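Chains as they are written, first to last, in the working numbering: chain A, 1 to 490; chain B, 1 to 511.
You may find that some hints are simply not true.
Claimed, not checked - Coverage of chain B stretches by chain A, computed from C-beta distances (three or more under 8 Å per stretch; other residues unrestricted):
no. : region
1   : 80 to 86
2   : 93 to 99
3   : 139 to 145
What the hints assert, rightly or not - Estimated spans, in silico, between C-beta atoms of each pair:
no. : chain 1 : residue 1 : chain 2 : residue 2 : range
4   : A       : I274      : B       : V7        : 22 to 28 Å
5   : B       : D429      : A       : V293      : 40 to 46 Å
6   : A       : L289      : B       : A437      : 48 to 54 Å
No lab work stands behind these hints, which were simulated from the structure alone. As the structure is a computational prediction, the values presented were derived from the model and not from experiment. Quick reminder that beta carbons are idealized off the backbone N, C-alpha and C, glycines included.
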Amino acid sequence: MIQTPTIDWAALSPELVLLAAAAISMLIAVLVPKWAEKATAAAVCALGFVGAFIAAGVLFAHSTDGHGVIADAIQRDQLAALAQMIIAGAGLLAVGVAYAGRGSWRHSGEFFALLASAGAGMIFLVAASNLLTLFLGLEWFSISLYILAAFDVDVVGSLEAGLKYLIVGSFGSAVLLFGSALVYGTTGHLDFSGIGATGEASDPLYIAGLAMIIAGLGFKASAAPFHMWTPDVYEGSPTGVTAFMAAATKTAALVLMLRVLTTAFPQRAELWTIAIAVLAVASLAVGNLAALVQRRVKRMLAYSSISHAGFMLIPIAAGNALGGRALLYYLIVYSAMSIGAFAVVAARERELGEAVTLDNLAGFGWERPFLGAAMFAFMLGFAGLPLTGGFIAKFYAFSAAYERGWIWLIIVGVIATAVSLYYYLAVVRAMYMRPAEELQLAPAGGSPPPERLVSTSVAVALVVTVGSFFAVQPLIDLATDAASSLSFPF
Amino acid sequence: MTTALIVVPIGGALLLWLVPFSRFWTGSIAFLISLVEVGLWIDALARFDFSQGLQFEAQQTWFSDLNVSYHVGLYGFSLWLVGLTVVVMACAVGYAFWTGRERARAYFGLMLLLTGAVVGVFASLDLLLFYAFWEGMLIPLYILVGVWGGPGRLAATLKFVIYTMVGSLLMLASIIVFGLQQGTFDLISSGTSSSIWIFLGFVAAFAVKAPLFPLHGWLPDAYRESSPEVAGVLSGVISKAAAFGFLAIAIRKFPGPTADLRTTILVLAAIGLVYGSFIAFRAPDFRGVVAYSSLAQMGLITLGLFANNSLGFDGAVLQMINHGLISAALFLLAGSVIRRTTTDDFAFLGGMAKGRPVLATVLMTTGIIALAVPGSSAFAGEFLILAGVFQEGWAWGVIGAGAIVLAAMYMLRLISAVLHRQRGGLVSDDALDLRPAELGVIGPLVVSLLVLSAWPAAISGHSFPTAAPSPVPAAAQAARVRCTEIPTQPRTNKCMTLPTARSSVQGVMTP
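Go ahead and model the full structure; you've got the sequences and the hints to work with.
Written out as structure tokens, the structure reads:
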């Protein structure tokens, strides 16, 4: 008789809710008539994300003492619960964005099923506490996203995006798996705390394994130099999927990176903090410089997401409790801003029926005051200007670097911020300052009616972006609780 | 009280953005709110006790783990700067209402938001809050210049934003390092620092915004491409935020670095003063003269601040108010001239005094005050600054005095080019005199200047508390003091307390 572990069903409840939503969405594709398929599937998917959000919230309240569950395969703690809430919230908003998409909706049931399933995978990943569950979660959401990226089968760019993501993503996963194998081989442990407790920290194979794990997670977080898939995939994927990828994938990858590095590799903290700092600097340089010359907004936002990966690696590199707080706060604000920005892009795409560029944004701010003002706020937030949480997020990230004693990292971040202003303000310039004759309202033949769900997503993202500037204390309290699940090396 | 001064205009901005008022009502409500703001300030002025330091304080924790709070309050000098802000903003809003602006709701909302942000800069007692308001000024200005500006506005805003943001971000790095070193971001409870690098980060931001030579590259374009009332606000009010930063943060929190780098800054300020004056003398257009004279005047104010003694401080604060009122009035007048002639190029102007007595009188009065004729408030301010800087070395006094002669040259050239000489090519006989509405918005600025000319001590004697060692000068003077050498020192009691002030640097930070 094989001994089965006791299963803490509560700890799995967010995943289970989302998997149920995915299953129901698949059934809807078969059972519900075509005209109602999209709406029902979207509603079920949205309900799934709401349910996961609530379940994660309850878990957050009831997991003040972090502990491993299900044979220590996953960790039930507040860090995981907060990350799950961010992912579920991002997923919910992404449903709204995706719903307005213009792509073919022949398979809407499958689309929303995959979205829910990708969310479930990420939610599983952030709680992973051994190398196997880590890999399982990573592949789970990645495979869902490979299909989602290629979902607009009529569009060549989407197919290209899917294929590119599949190949590069699989390569990243393979690197991660190889690294895991090396670490397991040298330490004899799969679980993070077991790896952290062994003294085999100087074995070259162990170091190589650590480097490969960082590289594998770097692929998912789209940190340079593992970013090369990002612009094409972000640009080609349906905008709703891009929004979800930008916010949720980054959250999952970075939170897990923080967890695995602090729990499994505390002995080599000197080493990996420097490695992460190098990745951060590379991401800031590549993301910001490449974004300067982009004309297409989605592609520009893709490079901006690389640069933000750099900003969010700064608190991880700091390796202290302030850094943990800073990362989680940053993730909350960044998720809201990036989904909001992609939602505005989606709304504009829907009007125009073509890719949004800086040129065809001309006059957008005056024609669509709400969406324009929201986009303005998101751009200010990305640039880290006050009245948005983006400012406080950068402030915390830099503060964490200071506590580590790395003032040079603050200087790099400040320079990167100054560079980034150019392309973020280019969007504002396009929306508000172009001459009126350049106004492009709609293609001949008219636009489809504006979609209320997108505006709602934008509104929620806007509230979080601006609200997080004023309500710093409650969010930081959440982040402090979550970060206290880990013990930091510095 | 202070919070009300910040919140009222910001609330007004939100009101205008959210409720679809008609064009007329938008302008009226904006103007009304800016008048309410002036009323609030007069109320604060009436209740302010000038013998004390910090007043009207309010504090509320923002986030506690890094000791950041919403902490505002007013010193004597910040009260005067807030007054300058609300008066100039009210005039600017009134002027814009009268001339009419496209997309009125967005425009007036941004003007009100700008008012709130500038008042916030002058009132904040927490470094992070200060930074938030500081950037909060930039955002509305960026849009105001970029949308409602002249044909070259896109290039002008880009230059303006890049210059100011690079300075500001260096300041942010300094704020983070300073705040975490001190364990608090509060300006009252934090101590002083001796780090030159942190000091330089702050100075970078202030020197760009002021601007200080050689960081004035953005200035001519931004001032020329803005609409007249925004240019008036930029040079009249926004540049004072930089001078305020020098006074309230750089000099007060960094006595050591201030003493070490003072000569460098004084040299830059003096170069800016002379260079700006010469360029103003050669500028081919009305706004160009005012723009470069602004550079010169900010140099003079910086000289006064970094003279680092009470005469210099008193004079600098008085001159900040003077220059704010003068340059706002001159930019509005430039706007009025452009409305009548479509140009402000001197080649096409001239002879406008004939048949336009009101315009001539107002422009003459402002110009005469601007060139610091004895008896004017600008004379009082410049005299105090020169007396202050003279104590640091006679050469500074000579440069400053020379620059006042240059000011007479460029202002008289401006007056004669616009009002006198032959009638310019674009000045038609039909061009009207100043309308009552224009007089109504420019008049208050000129009247304030006349009142200050009659009683400059209203500001120079009421900026720093007389009862206790003044918060800013004492801290700064602790570095080096030579007051007693000057027999004309008006308030010797301040100087007498100075030897003890050094030991009480920490003490004077608390109100």
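Going through the hints against the structure:
no. : hint                            : in the structure
1   : 80 to 86                        : violated (count 0)
2   : 93 to 99                        : violated (count 0)
3   : 139 to 145                      : holds (count 3)
4   : I274(A) <-> V7(B): 22 to 28 Å   : violated, 46 Å
5   : D429(B) <-> V293(A): 40 to 46 Å : violated, 54 Å
6   : L289(A) <-> A437(B): 48 to 54 Å : holds, 51 Å
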